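Engineer: Spelled out, the chains give:
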Amino acid sequence: MAQALLKASCHDAPVLENRLLGSGPAAGGIWKLVLDFPGWTLWRPGQFVMLRPGSFGQELIWGRPISIGDYQNGQLTLYILNTGRGTEKLAALTPGETCTVWGPLGNGFAQEKSASTLMLCGGIGIAPFVGYTHAHPAPEKLTLLFGHRLPLDSYPWDAFSSISARGYLEQGPADLQEFITAMREAMVTTAAEKGLVLSCGPLPFLRTVQRLAKETGARTQLSLENRMGCGVGACLGCVAEDDQGKRVQTCSRGPVFWSTKITV
Amino acid sequence: MAQALLKASCHDAPVLENRLLGSGPAAGGIWKLVLDFPGWTLWRPGQFVMLRPGSFGQELIWGRPISIGDYQNGQLTLYILNTGRGTEKLAALTPGETCTVWGPLGNGFAQEKSASTLMLCGGIGIAPFVGYTHAHPAPEKLTLLFGHRLPLDSYPWDAFSSISARGYLEQGPADLQEFITAMREAMVTTAAEKGLVLSCGPLPFLRTVQRLAKETGARTQLSLENRMGCGVGACLGCVAEDDQGKRVQTCSRGPVFWSTKITV
Amino acid sequence: MPTETSPVSPAVRVGNLALKNPILTASGTFGYGLEFAPYGDLKSLGGIIVKGLSLKPRLGNPMPRLAETPCGMLNAIGLQNIGVEAFLQDKLPALPHQEVPVIANLYACDADEFAALGGILARAEGIAAIEVNVSCPNVASGGILFGQDPIQAARVTEAVKKQAGETPVWVKLTPNVSDIAAVARAVEKAGADALCCINTLPGMAVDLERRTPRLANVIGGLSGPAIKPVALRCVWEVARAVKIPVIGVGGISSARDVLEFILAGATAVQVGTANFMRPDAAFAMAAALPAAMQALGISSLEELRGQLKV
Amino acid sequence: MPTETSPVSPAVRVGNLALKNPILTASGTFGYGLEFAPYGDLKSLGGIIVKGLSLKPRLGNPMPRLAETPCGMLNAIGLQNIGVEAFLQDKLPALPHQEVPVIANLYACDADEFAALGGILARAEGIAAIEVNVSCPNVASGGILFGQDPIQAARVTEAVKKQAGETPVWVKLTPNVSDIAAVARAVEKAGADALCCINTLPGMAVDLERRTPRLANVIGGLSGPAIKPVALRCVWEVARAVKIPVIGVGGISSARDVLEFILAGATAVQVGTANFMRPDAAFAMAAALPAAMQALGISSLEELRGQLKV
Ligand SMILES: Cc1cc2nc3c(=O)[nH]c(=O)nc-3n(C[C@H](O)[C@H](O)[C@H](O)COP(=O)(O)OP(=O)(O)OC[C@H]3O[C@@H](n4cnc5c(N)ncnc54)[C@H](O)[C@@H]3O)c2cc1C
Ligand SMILES: Cc1cc2nc3c(=O)[nH]c(=O)nc-3n(C[C@H](O)[C@H](O)[C@H](O)COP(=O)(O)OP(=O)(O)OC[C@H]3O[C@@H](n4cnc5c(N)ncnc54)[C@H](O)[C@@H]3O)c2cc1C
Ligand SMILES: Cc1cc2nc3c(=O)[nH]c(=O)nc-3n(C[C@H](O)[C@H](O)[C@H](O)COP(=O)(O)O)c2cc1C
Ligand SMILES: Cc1cc2nc3c(=O)[nH]c(=O)nc-3n(C[C@H](O)[C@H](O)[C@H](O)COP(=O)(O)O)c2cc1C
Ligand code: FES
Ligand code: FES
Numbered sequence: 001m002a003q004a005l006l007k008a009s010c011h012d013a014p015v016l017e018n019r020l021l022g023s024g025p026a027a028g029g030i031w032k033l034v035l036d037f038p039g040w041t042l043w044r045p046g047q048f049v050m051l052r053p054g055s056f057g058q059e060l061i062w063g064r065p066i067s068i069g070d071y072q073n074g075q076l077t078l079y080i081l082n083t084g085r086g087t088e089k090l091a092a093l094t095p096g097e098t099c100t101v102w103g104p105l106g107n108g109f110a111q112e113k114s115a116s117t118l119m120l121c122g123g124i125g126i127a128p129f130v131g132y133t134h135a136h137p138a139p140e141k142l143t144l145l146f147g148h149r150l151p152l153d154s155y156p157w158d159a160f161s162s163i164s165a166r167g168y169l170e171q172g173p174a175d176l177q178e179f180i181t182a183m184r185e186a187m188v189t190t191a192a193e194k195g196l197v198l199s200c201g202p203l204p205f206l207r208t209v210q211r212l213a214k215e216t217g218a219r220t221q222l223s224l225e226n227r228m229g230c231g232v233g234a235c236l237g238c239v240a241e242d243d244q245g246k247r248v249q250t251c252s253r254g255p256v257f258w259s260t261k262i263t264v
Numbered sequence: 001m002a003q004a005l006l007k008a009s010c011h012d013a014p015v016l017e018n019r020l021l022g023s024g025p026a027a028g029g030i031w032k033l034v035l036d037f038p039g040w041t042l043w044r045p046g047q048f049v050m051l052r053p054g055s056f057g058q059e060l061i062w063g064r065p066i067s068i069g070d071y072q073n074g075q076l077t078l079y080i081l082n083t084g085r086g087t088e089k090l091a092a093l094t095p096g097e098t099c100t101v102w103g104p105l106g107n108g109f110a111q112e113k114s115a116s117t118l119m120l121c122g123g124i125g126i127a128p129f130v131g132y133t134h135a136h137p138a139p140e141k142l143t144l145l146f147g148h149r150l151p152l153d154s155y156p157w158d159a160f161s162s163i164s165a166r167g168y169l170e171q172g173p174a175d176l177q178e179f180i181t182a183m184r185e186a187m188v189t190t191a192a193e194k195g196l197v198l199s200c201g202p203l204p205f206l207r208t209v210q211r212l213a214k215e216t217g218a219r220t221q222l223s224l225e226n227r228m229g230c231g232v233g234a235c236l237g238c239v240a241e242d243d244q245g246k247r248v249q250t251c252s253r254g255p256v257f258w259s260t261k262i263t264v
Numbered sequence: 001m002p003t004e005t006s007p008v009s010p011a012v013r014v015g016n017l018a019l020k021n022p023i024l025t026a027s028g029t030f031g032y033g034l035e036f037a038p039y040g041d042l043k044s045l046g047g048i049i050v051k052g053l054s055l056k057p058r059l060g061n062p063m064p065r066l067a068e069t070p071c072g073m074l075n076a077i078g079l080q081n082i083g084v085e086a087f088l089q090d091k092l093p094a095l096p097h098q099e100v101p102v103i104a105n106l107y108a109c110d111a112d113e114f115a116a117l118g119g120i121l122a123r124a125e126g127i128a129a130i131e132v133n134v135s136c137p138n139v140a141s142g143g144i145l146f147g148q149d150p151i152q153a154a155r156v157t158e159a160v161k162k163q164a165g166e167t168p169v170w171v172k173l174t175p176n177v178s179d180i181a182a183v184a185r186a187v188e189k190a191g192a193d194a195l196c197c198i199n200t201l202p203g204m205a206v207d208l209e210r211r212t213p214r215l216a217n218v219i220g221g222l223s224g225p226a227i228k229p230v231a232l233r234c235v236w237e238v239a240r241a242v243k244i245p246v247i248g249v250g251g252i253s254s255a256r257d258v259l260e261f262i263l264a265g266a267t268a269v270q271v272g273t274a275n276f277m278r279p280d281a282a283f284a285m286a287a288a289l290p291a292a293m294q295a296l297g298i299s300s301l302e303e304l305r306g307q308l309k310v
Numbered sequence: 001m002p003t004e005t006s007p008v009s010p011a012v013r014v015g016n017l018a019l020k021n022p023i024l025t026a027s028g029t030f031g032y033g034l035e036f037a038p039y040g041d042l043k044s045l046g047g048i049i050v051k052g053l054s055l056k057p058r059l060g061n062p063m064p065r066l067a068e069t070p071c072g073m074l075n076a077i078g079l080q081n082i083g084v085e086a087f088l089q090d091k092l093p094a095l096p097h098q099e100v101p102v103i104a105n106l107y108a109c110d111a112d113e114f115a116a117l118g119g120i121l122a123r124a125e126g127i128a129a130i131e132v133n134v135s136c137p138n139v140a141s142g143g144i145l146f147g148q149d150p151i152q153a154a155r156v157t158e159a160v161k162k163q164a165g166e167t168p169v170w171v172k173l174t175p176n177v178s179d180i181a182a183v184a185r186a187v188e189k190a191g192a193d194a195l196c197c198i199n200t201l202p203g204m205a206v207d208l209e210r211r212t213p214r215l216a217n218v219i220g221g222l223s224g225p226a227i228k229p230v231a232l233r234c235v236w237e238v239a240r241a242v243k244i245p246v247i248g249v250g251g252i253s254s255a256r257d258v259l260e261f262i263l264a265g266a267t268a269v270q271v272g273t274a275n276f277m278r279p280d281a282a283f284a285m286a287a288a289l290p291a292a293m294q295a296l297g298i299s300s301l302e303e304l305r306g307q308l309k310v
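Protein chains in written order, with our numbering: chain A, 1 to 264; chain B, 1 to 264; chain C, 1 to 310; chain D, 1 to 310.
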């Protein structure tokens with residue numbers, strides 16, 4: 001599956017746009033970065049790219065893995081949470097500069113035209129669902145549940161205006177419980193409809209989804225966010241353990257795995 | 001002498017202005033950088049500062065030594081030739097950013113109010129003479145001879161409009177010869193008047209001046225541009241050999257030395 | 001009608017092995033080669049050194065296995081690999097090994113295992129050379145690495161050599177020794193055809209908040225531009241100590257870096273961590289090398305090799 | 001009326017020597033101390049370790065002596081110093097040695113010279129401890145460094161110890177050995193009061209255009225953030241091998257770095273190359289340490305030292 005998609009390339013892509021979403025502070029905020037990156041004929045939502053701006057110099061070695069937010073007319077849109085040294089430098093990119101990009105990488109989410117599809121995301125895990133929603137042939141089949149800490153306008157929330165989407169602001173343990181309950185209920189329904197559950201978010205979130213998948217029997221995919229070195233399957237730094245006890249690269253064999261086939 | 005002057009300090013100084021002089025390309029060009037750096041009560045032309053912008057990260061270790069171009073009303077003016085990795089990052093500083101600065105460092109040029117004073121400079125070695133000219137109580141005593149490769153408007157040439165100043169554009173060996181001949185003649189005159197010769201420029205230039213000083217007997221100072229680690233006399237990386245065969249720090253015991261007392 | 005061709009040639013020979021340029025990919029940083037096929041023409045490289053192979057498949061170390069450090073990185077992958085048989089069956093045939101030398105890196109825990117691996121690989125079609133990774137603990141002698149003891153390193157070399165037949169045997173040295181030249185001389189005497197300098201430097205990083213090491217294995221190998229000065233020094237010391245070719249590795253990330261190692265005495269080089277900085281790094285260096293040579297005014301690398309004026 | 005004071009204390013003890021905080025300045029990077037007086041209060045430091053001293057003044061190596069490398073630097077100063085007598089007469093009295101411990105670093109080429117130096121310094125007023133730099137070639141044994149051989153390192157330690165009386169003797173180890181723990185144990189047995197890890201890593205840089213080494217001495221010592229992972233690993237290995245205090249040094253450039261070394265087992269640290277990144281670096285770290293401790297939820301460094309969960 002992944003093989004056929006892997007027409008990856010590496011370029012220094014010009015920055016077309018880079019702006020902070022919402023009105024919060026830049027540190028800890030989310031940036032919308034648009035790059036001029038023509039040439040992909042095939043890509044799949046849930047795939048990602050590696051980004052390495054010139055400002056990394058030789059000091060920061062690795063590119064940073066970022067989900068493809070959307071790709072249209074040769075323009076690559078990314079949503080980046082400014083959370084550390086590397087993403088801070090990505091947030092500082094300005095139009096006219098270039099950034100080294102390689103991709104598309106990894107496998108991407110399953111798409112089943114006629115299956116009701118539940119998208120579950122936490123925080124910046126919302127990013128791949130922008131393109132997923134955009135590319136889906138039957139958006140009426142889509143539902144999105146979103147746990148978030150920043151105000152909704154800090155995320156690409158308007159991308160979901162035409163589907164059934166609900167946000168859960170997490171301010172305390174009770175909010176979290178509400179979100180989990182909502183996810184469980186939706187998963188029960190989806191399971192009953194033989195639908196598809198797709199999820200992306202931080203590790204504790206993924207663990208919860210995996211547990212719910214087991215409990216509800218919903219067909220569920222998890223997108224893992226392991227730390228990456230190369231992004232292309234070579235360094236073996238990003239491995240996760242599969243159901244056979246084998247160690248598989250998250251970057252090239254994932255980042256999306258069936259919940260039953262992977263240990264998170 | 002140097003001791004009394006050393007009221008040095010270290011600050012993150014805001015950039016007030018940074019612009020390329022002249023109309024040449026940025027790489028290999030000269031930038032006028034003005035920093036907000038209040039607090040010096042005493043400084044002497046020929047002294048320098050160390051500059052280390054945040055963009056060095058941990059990748060470029062050392063500050064870069066840059067002559068004090070001028071210092072007025074708490075504003076520090078520097079002229080920087082964009083010649084390598086470090087000076088390229090200095091050239092990229094923009095107003096609003098800060099740059100770590102420590103200084104004033106070193107000893108500075110002699111000033112003798114009533115002595116006719118000949119300033120000899122090559123390339124970016126012109127920088128300290130901007131402040132020297134500005135601070136001199138008797139500018140009519142000053143003469144400047146300037147060997148240069150870029151057009152004059154790439155240098156702070158207008159700082160010398162009120163004194164006797166002449167530029168020698170070096171395009172080939174004949175031009176260089178003309179410059180050297182002019183320097184020799186001027187040194188002969190200065191020597192006869194028991195005047196002072198001050199020089200700043202690249203190593204081959206300084207070697208020539210030292211030879212001419214010996215031949216003409218002119219009282220001559222050389223400002224050395226040794227590679228520096230710390231700038232404060234601690235690392236012993238910048239030493240030159242004095243006339244006693246001792247190794248002295250260029251940063252704290254120089255950068256200005258009497259031509260008869262130092263090996264270049 | 002003869003066309004004007006540039007007289008610059010980056011070709012080199014490592015012993016009997018002719019390479020179209022000196023740029024090899026370092027073991028463990030280029031997968032089994034095919035991972036990088038989307039980013040350049042594998043055949044444009046001097047050679048491909050694949051991930052370290054062991055007799056049986058290995059799971060490697062637990063996660064996390066990587067940490068980023070200033071101008072470098074730590075890894076404790078721990079030799080996860082599919083095993084020599086799976087490599088020969090599934091991976092090697094897919095590589096253009098007729099057109100670009102494929103070098104097998106091998107890892108074992110005792111001399112017999114090294115010899116067995118060497119034998120299997122030497123008999124395989126399409127393996128141009130064998131690189132012996134002696135940076136592994138010698139279980140029999142209480143954990144010190146084979147490569148830290150000249151006698152043990154020589155013993156392993158001899159054992160592999162005996163099985164390798166015509167296939168050249170390269171030995172990859174660890175910098176974590178008091179006297180790398182002594183190890184180099186011992187390994188040369190034991191019959192090695194070339195020496196590769198260097199493997200990673202043992203290092204460590206910690207997570208203050210969690211109070212844990214950043215690597216599950218606690219200690220990992222430091223690589224990248226940070227170690228370039230150490231690698232260059234090792235190449236220089238080893239090249240002066242032995243007559244066999246030296247292959248430089250450690251922090252190389254540009255065509256100029258390649259030339260610096262050759263100036264210090266290397267015959268060829270390996271590109272490791274730079275492959276992570278961008279996946280076309282090795283290809284770009286191979287492409288840039290002729291122009292970099294021209295800028296230095298040399299038409300063959302022979303003119304530069306070991307020409308450092310001291 | 002008692003005022004609310006922060007309970008956070010960065011004070012530590014290195015054996016019998018009490019330090020107000022763990023931040024010492026590394027030898028050779030802080031001159032004789034006074035060079036940095038314009039940039040901070042010397043008395044706010046844990047201690048000042050001065051440039052390596054020898055019996056007679058030394059000119060050091062020819063120029064150039066410095067090269068910048070990725071996240072690091074090479075130096076081959078070669079122990080230029082004014083000699084122990086001039087130091088005691090001209091420099092030491094000007095330092096606030098009553099209020100901040102001044103530690104003398106010493107360098108010699110044989111055990112007798114080490115002993116003589118140790119004796120002179122131990123008898124001097126105002127020297128809180130002696131740091132023995134064993135990273136020097138042992139002329140009698142053909143160039144290998146004292147610090148690369150456990151037996152030689154122990155011999156030097158004993159020789160200095162015998163002359164040092166009550167003055168604590170610290171020994172500064174080189175990372176350029178196969179087994180730093182073995183050297184550490186030998187030196188501990190020989191009576192050292194503390195161990196400093198690490199001195200620089202031997203490295204090299206070249207100038208392609210000129211075809212020359214960037215250092216007149218060809219090889220120099222690598223320091224700075226690039227080597228932090230190696231230093232941290234050495235501290236960890238040594239702290240587990242000995243009972244005496246370990247002082248971490250190598251690439252430390254922030255208060256968090258200080259805490260990382262303490263987590264790995266160090267009792268105190270030294271700030272070296274960071275002093276070149278800005279001259280107030282050590283002062284800034286000393287000032288920032290209490291807040292950094294508070295952020296970690298500790299009120300003494302004791303709570304953190306060696307607490308790495310593995
Ligand atoms: C397949 C994939 C897709 C991703 N998509 C996006 C995206 O669309 N938008 C986005 O903002 N982020 C995304 N991430 C996460 C992003 O890669 C990390 O936040 C980033 O690498 C952190 O780099 P840094 O230098 O800023 O942080 P560092 O300074 O390196 O570390 C800061 C903090 O982030 C943690 N961290 C570092 N790397 C990762 C990682 N790979 N995953 C999770 N935490 C990490 C560190 O442990 C540390 O706590 C994705 C990660 C993966 C693997
Ligand atoms: C006291 C003093 C005053 C100076 N004043 C000025 C000034 O007013 N304006 C100005 O533009 N420059 C000045 N310089 C020179 C300036 O410091 C160097 O050009 C600068 O450090 C180069 O840094 P880089 O990172 O750009 O170059 P690198 O990438 O480090 O090197 C580029 C090239 O510059 C050479 N170089 C590096 N450092 C020096 C140095 N210290 N002196 C000479 N060549 C060097 C290198 O050998 C190399 O060829 C002064 C130097 C000294 C010692
Ligand atoms: C992720 C990773 C895995 C490695 N695996 C191996 C290996 O299997 N066998 C080996 O001999 N060296 C291995 N190395 C060492 C490299 O081949 C190389 O010697 C080292 O990284 C220094 O070069 P560099 O700085 O260019 O990376 C590995 C290095 C890295 C970074
Ligand atoms: C310029 C310079 C000079 C040094 N001189 C000495 C010295 O005289 N004696 C010594 O024991 N160590 C000396 N060192 C080593 C440092 O004290 C320290 O161990 C090493 O630089 C690693 O720490 P760092 O990375 O913080 O610099 C010197 C280091 C540098 C950079
Ligand atoms: S990031 Fe290198 S194998 Fe996945
Ligand atoms: S630059 Fe450090 S002593 Fe002069």
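For the record, the hints were derived by calculation from the structure and aren't laboratory data.
For clarity, every value in this text was computed on a predicted model and none was experimentally measured.
Where a beta carbon is used, it is the ideal one built from N, C-alpha and C, also for glycine.
Any given hint could turn out to be false.
[Stated by the list, open to error] Stretches of chain A that chain C covers, calculated by requiring three or more beta carbons in the stretch to come under 8 Å of a beta carbon on chain C:
| no. | region |
| --- | --- |
| 1 | 131–144 |
| 2 | 202–212 |
[To be verified] Below, a sample of chain C positions facing chain A; criterion: calculated Cβ distance under 7 Å:
| no. | residue |
| --- | --- |
| 3 | Cys71 |
| 4 | Gln80 |
| 5 | Val84 |
| 6 | Cys109 |
| 7 | Ala115 |
| 8 | Gly119 |
Engineer: Determine for every hint whether it applies to the structure shown.
Structural biologist: Hint by hint, here is what the structure shows:
A stretch counts as covered by a chain when three or more of its residues have a beta carbon under 8 Å from one of that chain; for the region 131–144 of chain A and chain C the count is 0, and the coverage is violated. A stretch counts as covered by a chain when three or more of its residues have a beta carbon under 8 Å from one of that chain; for the region 202–212 of chain A and chain C the count is 0, and the coverage is violated. Given hint, Cys71/C at the interface with chain A, holds; its Cβ is 5 Å from that chain's nearest Cβ, closer than 7 Å. For Gln80/C, the interface hint holds, the least distance from its beta-carbon to any beta-carbon of chain A being 5 Å, beneath 7 Å.
Contact between Val84/C and chain A, as hinted, is not supported at the beta carbon level, the nearest pair being about 17 Å apart and thus beyond 7 Å. For the restraint placing Cys109/C at the interface with chain A, the shortest Cβ-Cβ distance is roughly 19 Å, beyond the 7 Å limit, so the hint is violated. Against a cut-off of 7 Å between C-beta atoms, the interface hint on Ala115/C is violated, since the closest Cβ of chain A lies about 26 Å away. Against a cut-off of 7 Å between C-beta atoms, the interface hint on Gly119/C is violated, since the closest Cβ of chain A lies about 26 Å away.
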